[in-house]
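Undergrad: Single-letter residue listing:
There are 2 protein chains.
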Amino acid sequence: MDKNKKLTIVDIATKAGVSTATVSRFLNGQLNQMSEKTAVKLQKIIEETSYTRNVAAVQLAKQKSNLVAVIASNIDEYFSSEYFKGIVSILSAQGFIGVLFDSNSNTTTESALMASVYNQKFAGMVLQPVSTDPHLIEKFTNDAVPVVLIDRDIGNGQSITVTTNNFQVTKYAMEHFLNQGFNKVTIITEPINRISTRVERIAGVRSVFDHSQLIEVDSDHLNFSELSDELDINNPKNLLFVLKERLLIQLLANTKLLNEPKIPQRITGFIDTSMPKYLAPNYKFIQQSPFLMGATAAEVLLAQISAKQPEHIKQIVIPSKFE
Amino acid sequence: MDKNKKLTIVDIATKAGVSTATVSRFLNGQLNQMSEKTAVKLQKIIEETSYTRNVAAVQLAKQKSNLVAVIASNIDEYFSSEYFKGIVSILSAQGFIGVLFDSNSNTTTESALMASVYNQKFAGMVLQPVSTDPHLIEKFTNDAVPVVLIDRDIGNGQSITVTTNNFQVTKYAMEHFLNQGFNKVTIITEPINRISTRVERIAGVRSVFDHSQLIEVDSDHLNFSELSDELDINNPKNLLFVLKERLLIQLLANTKLLNEPKIPQRITGFIDTSMPKYLAPNYKFIQQSPFLMGATAAEVLLAQISAKQPEHIKQIVIPSKFE
Chain H
1 MDKNKKLTIV DIATKAGVST ATVSRFLNGQ LNQMSEKTAV KLQKIIEETS YTRNVAAVQL
61 AKQKSNLVAV IASNIDEYFS SEYFKGIVSI LSAQGFIGVL FDSNSNTTTE SALMASVYNQ
121 KFAGMVLQPV STDPHLIEKF TNDAVPVVLI DRDIGNGQSI TVTTNNFQVT KYAMEHFLNQ
181 GFNKVTIITE PINRISTRVE RIAGVRSVFD HSQLIEVDSD HLNFSELSDE LDINNPKNLL
241 FVLKERLLIQ LLANTKLLNE PKIPQRITGF IDTSMPKYLA PNYKFIQQSP FLMGATAAEV
301 LLAQISAKQP EHIKQIVIPS KFE
Chain W
1 MDKNKKLTIV DIATKAGVST ATVSRFLNGQ LNQMSEKTAV KLQKIIEETS YTRNVAAVQL
61 AKQKSNLVAV IASNIDEYFS SEYFKGIVSI LSAQGFIGVL FDSNSNTTTE SALMASVYNQ
121 KFAGMVLQPV STDPHLIEKF TNDAVPVVLI DRDIGNGQSI TVTTNNFQVT KYAMEHFLNQ
181 GFNKVTIITE PINRISTRVE RIAGVRSVFD HSQLIEVDSD HLNFSELSDE LDINNPKNLL
241 FVLKERLLIQ LLANTKLLNE PKIPQRITGF IDTSMPKYLA PNYKFIQQSP FLMGATAAEV
301 LLAQISAKQP EHIKQIVIPS KFE
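Respectively, the protein sequence lines represent chains H and W.
Letter by letter, the first sequence follows residues 1 to 323 of this note's numbering.
Letter by letter, the second sequence follows residues 1 to 323 of this note's numbering.
Watch out, some of these pointers could steer you wrong.
Going by beta-carbon spacing under 10 Å, a handful of chain W positions derived as facing chain H [said to hold, decoys possible]:
#1 Ile12
#2 Lys15
#3 Val88
#4 Asn238
#5 Tyr278
Listed below are the simulated DSS-like cross-link pairs for lysine-lysine, each with C-alpha atoms no more than 30 Å apart in a straight line [unchecked claim]:
#6 W:Lys256 / H:Lys237
#7 W:Lys244 / W:Lys256
#8 H:Lys256 / W:Lys244
#9 W:Lys244 / H:Lys244
#10 W:Lys284 / W:Lys256
#11 W:Lys262 / H:Lys262
#12 H:Lys277 / H:Lys171
#13 W:Lys15 / W:Lys314
#14 H:Lys277 / W:Lys256
#15 H:Lys262 / H:Lys284
#16 H:Lys256 / W:Lys121
#17 H:Lys44 / H:Lys171
#18 H:Lys284 / H:Lys171
#19 H:Lys262 / W:Lys256
#20 W:Lys171 / W:Lys256
#21 H:Lys262 / W:Lys314
#22 W:Lys121 / H:Lys244
#23 H:Lys256 / W:Lys277
#24 W:Lys244 / H:Lys321
#25 W:Lys284 / H:Lys244
#26 H:Lys121 / W:Lys277
#27 W:Lys262 / H:Lys277
#28 W:Lys256 / H:Lys256
#29 H:Lys121 / W:Lys15
#30 W:Lys121 / H:Lys139
#31 W:Lys256 / H:Lys244
Simulated from the structure, these hints should not be mistaken for laboratory data.
Glycine residues also receive a C-beta, built at the ideal position from the N, C-alpha and C atoms.
Isolated chain H (complex conformation) (with noise of 0.2 Å):
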């Protein structure tokens, strides 16, 4: 076995058979939550390899800190606080912190944070971009500071940038539900405020239905009841497609849809947390996996730190599933 070729965790976890997510807990020392022929296994792997914690060390030697920074645009997402774990499980077990800031869906908030990320010389950054302005991250670009971008794209060609696959998921599930005999679809979603997820997700109803709808609400003031006519909910062909989880929640427990287990699926949405499946056992989601791509910036973003990362790379697309 070649000793210099970098492993990243989906390799040892494909080697070994388990999940990523086993992998990390392994590394991060959870073995309670594996089985001990997981963990013999995994050690067995890592030991034959080059996954060490070396980076940090090497790091620290150079005089430099060994916090990293992630910007979240809402940390009350769920979807945050799992991606946030995906980088913290990749990034101790190579002797670095992960610390968490909130920029709270605004701009000015998440300029300032980046100063005081900048200023404060933090060994790289992880960033879920508020902004789109695509001269967002030029100052760290410039100054060889590592940035990663995760969940959204700003569209500037140079950042790496990890994501999953909006577009194409969108276009698949929907075509499942062209297929049921639905041919129109009202999408309910946050401000679209030119959000690369949001925009991708939109392209993708309307590149397999020729009628769709758009209703933006803000989430923190959101009266359904207000909403009803617009909703359109007892048309049978009407699609409801909900971007933001805690919309399809209210949504799945407002309607009495659920009540009646033979009327057809009629609503579906992202989903971040299993509780839209408590509600609805038979209905099919869109799910990412945020502690997936949480890891997988984090391997992108030490393989920067320690100058190993091939330049050509610039996006990574973890796919979502649709069941």
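Got chain H; can you put chain W on it based on the hints?
TA: The following block gives chain W in isolation, referenced to the frame of chain H:
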């Protein structure tokens, strides 16, 4: 008016007759989220008082950091996102930046993070402790690094702690259900591990009901169908009291009780979000105020940083509601 009296966010909210969340929004410039009248009133009150952004300026003049570390026991909990948002709302109005660490319910991780916070010379720390060691923060105390504990008490009688009234609000809720005719309580909780919030809530149940049983579950590997006999759910005199919201939601979604509106409420618990209320609008739950707990912890911490904290205040209780 005495200009030397330092007002708290609660004082200002009381004077203005608005919520503390509104004051926080005002301090953070989110003026679009309140009426002009409210904004003008708050501006006037703040101008008349000494509630100004000066702490960080003093700090920076002393060449100290303006970063405050917040170590959460598990950032998957909506509770921690909310208290972090409360902390940040106060800190940022005074020029400080809050950063969030996740100890992942693990005492080893917690002590590694605390060591890092200590070594990197943060301005202060808000800690939701996992360990129950009364000596946990001795190093910080001895070195006069300001620390405030949140949510959980470590019983050292020394640290300033912001908690809710776990015992009293549980007792109050249990008296309500005793009056409804229940004669037994099944308590469902994560492993207690001597964590003060869990201990106090259980004591609150036992102060009212002679008969109670305790089920400790690991929320990551929960299968309610395996538990169904233990839960004794079909006994109309048995109340299910769930200490963790995610378990409560699973239980609400999995039982058929909600489908039959004539059956009186037989499940309650502590909630952090509105989701249980979406599922069961007529049920009563215990709701904490994590945003206000965080805002209060930040105020106390800032008072310590600027050495204005009266030394005799050791515990601040932010009451929960049962409604």
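Undergrad: Lys121 (chain H) and Lys277 (chain W): Cα distance at most 30 Å?
TA: With Cα atoms ~44 Å apart, Lys121 (chain H) and Lys277 (chain W) exceed 30 Å; violated.
Undergrad: Taken at face value, is the distance from the CA of Lys277 (chain W) to the CA of Lys256 (chain H) at most 30 Å?
TA: holds, 16 Å
Undergrad: Holds or violated: Lys262 (chain W) and Lys277 (chain H), Cα atoms, limit 30 Å.
TA: OK: Lys262 (chain W) and Lys277 (chain H) at ~26 Å, within 30 Å.
Undergrad: Within 30 Å, alpha carbon to alpha carbon, are Lys256 (chain H) and Lys244 (chain W)?
TA: holds, 27 Å
Undergrad: Mind checking the alpha carbons of Lys277 (chain H) and Lys171 (chain H) for me, to see if they're no more than 30 Å apart?
TA: Between Lys277 (chain H) and Lys171 (chain H) the Cα gap is close to 21 Å, so the pair holds against 30 Å.
Undergrad: Between the alpha carbons of Lys262 (chain W) and Lys262 (chain H), is the straight-line distance 30 Å or under?
TA: It holds: about 23 Å lies between the C-alpha atoms, which stays within 30 Å.
Undergrad: Taking 30 Å as the top limit, are the C-alpha atoms of Lys284 (chain W) and Lys244 (chain H) close enough?
TA: holds, 27 Å
Undergrad: Tell me if the straight-line CA distance from Lys284 (chain W) to Lys256 (chain W) falls inside 30 Å.
TA: Roughly 18 Å between the alpha carbons, so the hint for Lys284 (chain W) and Lys256 (chain W) holds.
Undergrad: Can you confirm whether the C-alpha distance between Lys244 (chain W) and Lys321 (chain H) stays at or below 30 Å?
TA: holds, 28 Å
Undergrad: So if I understand the rule, the pair passes when the alpha-carbon distance is 30 Å or less; does Lys244 (chain W) with Lys244 (chain H) pass?
TA: holds, 23 Å
Undergrad: Lys262 (chain H) and Lys314 (chain W) were given as a pair; does the straight-line alpha-carbon distance stay at or below 30 Å?
TA: violated, 58 Å
Undergrad: Hinted pair, alpha-carbon criterion (30 Å max): Lys44 (chain H), Lys171 (chain H). Please report holds or violated.
TA: The hint is violated at about 41 Å.
Violation of the numbered hints given earlier is confined to hints 1, 2, 4, 16, 17, 21, 22, 26 and 29; the remaining hints are satisfied by the structure.
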